[in-house]
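Q: Sequence:
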Amino acid sequence: MLNYTVTFLVIAVIAALFGFTGIAAGAVEIARIMFFIFVALFIASLIMGLAKR
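The numbering used here applies: residue 34 is where the sequence shown begins, and numbers increase by one.
You can trust all of the hints, since none of them are fake.
DEER-style ranges, computed between Cβ atoms:
1. Phe-51 with Gly-82: 40 to 46 Å
2. Arg-86 with Gly-52: 50 to 56 Å
3. Ala-49 with Arg-86: 44 to 50 Å
4. Phe-75 with Val-43: 18 to 24 Å
5. Val-46 with Phe-71: 15 to 21 Å
6. Gly-52 with Gly-82: 42 to 48 Å
Keep in mind that the hints were calculated from the coordinates and are not lab data. Built from N, CA and C at the ideal position, the CB exists for glycine as well.
Use the sequences and the hints to build the structure in full.
A: In structure tokens:
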């Protein structure tokens with residue numbers, strides 16, 4: 034999932050360089066949402082891993 038986040042972030046940077054601000058803003062929002070989902074899942078997996086011990 035982090036790979037997709039980085040991909041959308043790269044798309045946003047490239048779109049911003051070429052002046053496509055609408056596409057860049059959309060890609061940044063998608064990357065931001067996916068990053069927070071990744072962080073939430075990562076924390077949940079850490080908690081579940083510690084609970085199994």
